[in-house]
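A.B. asks: Residue-level listing of the chains:
Protein chains: 2
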Amino acid sequence: MNEKTNFPTLEDIKAAHQRIQPFIHKTPIMTSEAIDKIAGCQIYFKCENFQKVGAFKARGAANAVMKLTDDQKANGVATHSSGNHAAALARAASVAGIKSYIVMPSNAPEIKKKAVKGYGGEIIECVPTLEARETTLEEVVKRTGAVFIPPYDYVDVIEGQATCALEMWEEGIAFDTIMAPVGGGGLLGGTALTTKYISPNTKVIAGEPEGADDASRSFKAKKLIPMVGPKTIADGLLTSVGKINFEIIMQYVDDILTVSDQEIIEAMRLIYERMKIVIEPSCAVPLAALLKNKEKFKGQKVGIILSGGNVDLGKLPF
Amino acid sequence: MNEKTNFPTLEDIKAAHQRIQPFIHKTPIMTSEAIDKIAGCQIYFKCENFQKVGAFKARGAANAVMKLTDDQKANGVATHSSGNHAAALARAASVAGIKSYIVMPSNAPEIKKKAVKGYGGEIIECVPTLEARETTLEEVVKRTGAVFIPPYDYVDVIEGQATCALEMWEEGIAFDTIMAPVGGGGLLGGTALTTKYISPNTKVIAGEPEGADDASRSFKAKKLIPMVGPKTIADGLLTSVGKINFEIIMQYVDDILTVSDQEIIEAMRLIYERMKIVIEPSCAVPLAALLKNKEKFKGQKVGIILSGGNVDLGKLPF
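So the sequences go chain by chain: A and B. full-length UniProt numbering puts the first residue of the first sequence at 1, with every later residue one more than the last. full-length UniProt numbering puts the first residue of the second sequence at 1, with every later residue one more than the last.
Don't take each hint at face value.
Derived CB-CB ranges, DEER-like [what the hints assert, rightly or not]:
| # | chain 1 | residue 1 | chain 2 | residue 2 | range |
| --- | --- | --- | --- | --- | --- |
| 1 | A | I111 | B | E33 | 16 to 24 angstroms |
| 2 | A | G40 | B | P109 | 25 to 33 angstroms |
| 3 | A | K142 | B | P109 | 58 to 66 angstroms |
| 4 | B | R269 | A | A34 | 41 to 49 angstroms |
| 5 | A | P128 | B | K315 | 28 to 36 angstroms |
| 6 | A | P317 | B | P109 | 52 to 60 angstroms |
| 7 | A | E11 | B | E33 | 46 to 54 angstroms |
| 8 | B | D70 | A | P22 | 53 to 61 angstroms |
| 9 | A | N75 | B | K315 | 46 to 54 angstroms |
| 10 | B | E33 | A | I38 | 44 to 52 angstroms |
| 11 | A | P109 | B | D36 | 23 to 31 angstroms |
| 12 | A | E171 | B | H25 | 16 to 24 angstroms |
The calculated lysine-lysine pairs, modelled on PhoX-like cross-linking and capped at a C-alpha distance of 25 angstroms, are [unchecked claim]:
| # | chain 1 | residue 1 | chain 2 | residue 2 |
| --- | --- | --- | --- | --- |
| 13 | A | K67 | A | K117 |
| 14 | B | K26 | A | K99 |
| 15 | B | K117 | A | K26 |
| 16 | B | K114 | A | K37 |
| 17 | B | K37 | A | K113 |
| 18 | A | K117 | B | K37 |
| 19 | A | K14 | A | K37 |
| 20 | A | K26 | B | K114 |
| 21 | A | K292 | A | K203 |
| 22 | B | K99 | A | K37 |
| 23 | A | K14 | A | K67 |
| 24 | B | K292 | A | K37 |
| 25 | A | K220 | A | K243 |
| 26 | A | K292 | B | K114 |
| 27 | A | K73 | A | K14 |
| 28 | B | K117 | A | K37 |
| 29 | B | K142 | A | K37 |
| 30 | B | K26 | A | K301 |
| 31 | A | K114 | B | K117 |
| 32 | B | K67 | A | K26 |
| 33 | B | K315 | A | K315 |
| 34 | B | K117 | B | K231 |
| 35 | B | K37 | A | K114 |
| 36 | B | K113 | B | K142 |
| 37 | A | K37 | B | K37 |
Honestly, the hints are just simulated from the structure, not real lab data. For glycine and all other residues, C-beta sits at the position ideal for the given N, C-alpha and C.
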């Protein structure tokens, strides 16, 4: 952390929202009396599972692509991802009328590949190791001249994800706490920036799986400790926190609470049964953290970002 | 059909809506570009899966209970049901501050019993035959003096279910067709009344499972043919059409389209995957019927009522 990153300002985030608004959904906020009763507080769920491509990732990818100059756009964009960022970037590129190259591990689920292809993305397969992904991406960038858009450790992506909390604040609710899950830290970082700019006294608290708790451990140690061998049902949160993301977290996030897979599954089931919506396991992590620490949130107005709804229906843990 | 039933008028339906509004959700209408593209028309899904007790049944039960005189209310209400009507009636009674007696077959799912108890309903178990249910109900009514509120073959219940289509029309959409599933015919009857009163040229079309196709066969034969041995994954549509309901259907419904269980499962999966919402199999029947008969709906604005979201998550057919 020798170089100080210039974080996006509130004006930057508002401009990002203007920029991407035509290409994303303004997702609804849902509430559930039944869950409030169980939780002992008032929860406002921001439903990014209803977002384009089924996840908040549509925001950051759209913002990053729209901010490219025409020269940069000329050769398209590239990334490596087996998850929601892959589809989000392919879609953003398609909307912008440019090419996208997505490096995916050969064992990525067919449905993820289909989504990328559906948006006109070109898939380059590689063996399923991080090293192969990075080498293959380098080759693709070299060959095509495409701009690499990383999934989270990238200011324009964080700025895009920050628009989700902006929409929440525009609803006029006086949140005591806003919660998001943390994987790479793009959503959490953006949420923290927006929230602390608008309402410095509102707490920003993350939920993280015990089996991928690098953010929590790094937060406590005040230095970045990458995750080795993560293992959790919350497959969207396996990645380690990014560098820029960690800087923002250290400055603006109040706490990171960890939960077990069993607690994640119970919170997930509660959301399916009581709210009748489809979410991926990662989404249930903040609610699980809240239910595990009820006394911290008693009587509060809590905003929870449900990050996405791309789940393999044949493998639900119920 | 010797006696002519007095169907609820549009004014009756509007009054019912006023009456029950404080006790029900105004459910949202959702759309999906992806499904529209597949279907070749514009579909507006009315999400009664987000309704109180997780189904449109909350409307009819609330209306029937609120319309009782104080004398009638004194001894409470009773019904026999293993499904959504049981919870809906228990809840309506609880809101009205009166007792409810629910006759349930001993093999009813625990979760359904729990829902009834959660609303303070008194469960009276019986052996799982229709005869036992009816006899037990008679005994309960005799013993307690409670008023029997049937699940669908009852004008005040139909009037309540009719408020769902009323909310759809209030959105200002010029529907060419409105679709609902048909089981007992409470929702379909109410939907047909409201729609034909407001927009006589709009078609009202029902979807029905092939394995419980008494409404379709009765409709063609122009006489009520009860179902024997129904078998379908759409467990909310196993019952035979009621008498009053059939009168309304013959007068106001344009067509009843049948679909196989496989077609129901495919439409259900489409709704889970593309719309990220939880529905019960019965809900998917109209969409399945539309997708099977695309040419009938080409380019139209179609309203589809998603009737409920109470599904056993451990038994999803994916």
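A.B. asks: Please go over all the hints and tell whether each is borne out by the structure.
C.D. replies: Consistency of the hints with the structure:
no. : hint                                : verdict
1   : A/I111 - B/E33: 16 to 24 angstroms  : holds (18 angstroms)
2   : A/G40 - B/P109: 25 to 33 angstroms  : holds (28 angstroms)
3   : A/K142 - B/P109: 58 to 66 angstroms : holds (59 angstroms)
4   : B/R269 - A/A34: 41 to 49 angstroms  : violated (26 angstroms)
5   : A/P128 - B/K315: 28 to 36 angstroms : holds (33 angstroms)
6   : A/P317 - B/P109: 52 to 60 angstroms : violated (20 angstroms)
7   : A/E11 - B/E33: 46 to 54 angstroms   : violated (32 angstroms)
8   : B/D70 - A/P22: 53 to 61 angstroms   : holds (56 angstroms)
9   : A/N75 - B/K315: 46 to 54 angstroms  : holds (50 angstroms)
10  : B/E33 - A/I38: 44 to 52 angstroms   : violated (35 angstroms)
11  : A/P109 - B/D36: 23 to 31 angstroms  : holds (25 angstroms)
12  : A/E171 - B/H25: 16 to 24 angstroms  : holds (18 angstroms)
13  : A/K67 - A/K117                      : holds (23 angstroms)
14  : B/K26 - A/K99                       : violated (43 angstroms)
15  : B/K117 - A/K26                      : violated (38 angstroms)
16  : B/K114 - A/K37                      : holds (16 angstroms)
17  : B/K37 - A/K113                      : holds (20 angstroms)
18  : A/K117 - B/K37                      : holds (17 angstroms)
19  : A/K14 - A/K37                       : violated (35 angstroms)
20  : A/K26 - B/K114                      : violated (36 angstroms)
21  : A/K292 - A/K203                     : holds (17 angstroms)
22  : B/K99 - A/K37                       : holds (23 angstroms)
23  : A/K14 - A/K67                       : holds (14 angstroms)
24  : B/K292 - A/K37                      : violated (43 angstroms)
25  : A/K220 - A/K243                     : holds (16 angstroms)
26  : A/K292 - B/K114                     : holds (24 angstroms)
27  : A/K73 - A/K14                       : holds (23 angstroms)
28  : B/K117 - A/K37                      : holds (17 angstroms)
29  : B/K142 - A/K37                      : violated (37 angstroms)
30  : B/K26 - A/K301                      : holds (23 angstroms)
31  : A/K114 - B/K117                     : violated (46 angstroms)
32  : B/K67 - A/K26                       : violated (40 angstroms)
33  : B/K315 - A/K315                     : holds (12 angstroms)
34  : B/K117 - B/K231                     : violated (29 angstroms)
35  : B/K37 - A/K114                      : holds (16 angstroms)
36  : B/K113 - B/K142                     : holds (23 angstroms)
37  : A/K37 - B/K37                       : violated (40 angstroms)
In terms of the numbered hints stated before, the structure departs from hints 4, 6, 7, 10, 14, 15, 19, 20, 24, 29, 31, 32, 34, 37, listed from lowest to highest.
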